[in-house]
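Given only the sequences and the hints, what does the whole structure look like? Please build it.
Residue numbers (this note's numbering), protein chains in the order written: chain P, 1 to 108; chain H, 109 to 501.
To be clear, the hints were calculated from the coordinates, so they are not data collected in a lab. Among the hints, erroneous ones may be present.
List time: in silico DSS-like cross-link candidates among lysine-lysine, alpha-carbon distance up to 25 Å [unchecked claim]:
1. H:221 - H:301
2. H:501 - H:395
3. H:126 - P:39
4. H:301 - H:220
5. H:234 - P:7
6. H:293 - H:395
7. H:156 - H:174
8. H:395 - H:301
9. P:7 - H:126
10. H:126 - P:47
11. H:161 - H:177
12. H:293 - H:501
Below are the chains, spelled out letter by letter.
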Amino acid sequence: MRRIPRKRRGERNRFFQAEGVDELLSALLRLSAEVSALKDRVYIAEKVLEQQGLNVSDAIEAYELSAEQEAELAANRQRMIETVLAQFDNSSDVDDMTDENSKIEAAA
Amino acid sequence: MNSNITHDLAVPLNQEDKAKRAFVTALRVHVLQHMSGSMKNRYEDYVKPEAQKRGNTCDTPEHIHKALKSDFMFKAYSSARTCAQEMVFDVVSDSVDREFETLRAKAKPVAKKGSLTLDDSVEIPKSVSEIDVHLAPGSYHAEYTEEDFATGAVYDNAIEVFSFGQFGKDSNDIGMTLSNYVRLKFPDFKPAKILDAGCTIGHNTLPWAQTFPEAEVTAIDVAAPVLRYGHARAESMGVPVHFRQMDATAMKFEDNTFDVVFSSMFLHELPLKDIHAYLKEAYRVLKPGGLLWQMELPPMNQMPAYDNFYLNWDTYYNNEPFYGTFRRQDYRKLLTDAGFGAEEFMEATMPRYTFVGEEAYKEALSGENTFDTLTGRMDPKGTRWYGFGAWKK
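Quick look at the structure:
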């Protein structure tokens, strides 16, 4: 149940002149298609496993990540942020990261 | 992401909460470090030289703001930062709403070391009630049910996500840093009564009771929900603090009551007239020989112009409209206007006590004050807190 309001009073900050750009960025960050798709996929995977007699929902909730796994997820998270925000950033670090990715892909 | 909140009122987090908090945390780090770095480079390499050609000297934060406002990097940084700030409150509100009934039972402590005294005659100042401070929907005073404490829970969780761990365990580093400064710098000073004004949930009040266990510690705020939550939080941690609903600009304490009057991140949220009123009240309730000690944002006259522009972003875009005016003040004059002697003024920049440890902290205190890009700024590379105050003679 929702008690705490989510809507703010007053006009929302607007930085871009063209209508909708700030809102578009907001939408991108909040509901990125990648997260949504991943969530759907995990949900469906759980349902499929349930049909086959494997209830993994509780095991997923109880699962404790190791430090190594945490680090892996943190790196994925960072990569996702950089990918989603790529058009909003012109710094050289993004290029460096792209180079790193190319190297990894080439090695694979 | 696992929480740094260790007390009993910690919201039970499910996997989705953890993942979302981790995402918002990572997003804020990215915006504040990576994107802000890009914005500064863009400013130095292109925006500043171009603005100077047009006659903008870029020597004040307002001039820099004007020069950057139309640049893409500023827009991208500001738009993403606004969104990340909103998302902080959105993700924590989801979990507080869901766990509200579980928390309710814990929000009424039985074993009491401290106390809670509410006063519904306290009028909520417009600086709290009329704006969604920090873009927190409904601000911090609002009550949505009887004996509500939800905004306290939201605040506690939000500052953890907001600060990406920079406030330390249980978000207590500012209180630990400022109270230990007093202990180490003035070893003969033994405060018996300490006041924290504008305490919210008491996260920076509790360290005073821990640093000076012999002292009686009182904490005041105008907002009942944060006090209810703060009281329950303190009891669950076994730290004795007396929480009272009171306006810091019109305190109900007798003259000469306290040995220390402290506040943290409080003055910059007040209109200038309330800052003056609070400081006069602080002077009145301090005992002669007592210490006023305020943790705040560094004054504009000590910081480079670009850093002032960067810090003042919040005054324009984070619903903290009094922030810029406060930072423009001469802090020494604010105190002399309230009755303190000009020669009693003191200020310090301090490394974070709980991060560097006692020995390194002690060593840093013997050095000069440092005003640079890490002073007072929420930066993943680290932070140095700023404090100022005066003795009452």
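*asked:* For each hint given before, does the structure comply? Return the numbers of the non-compliant ones in rising order.
replied: none
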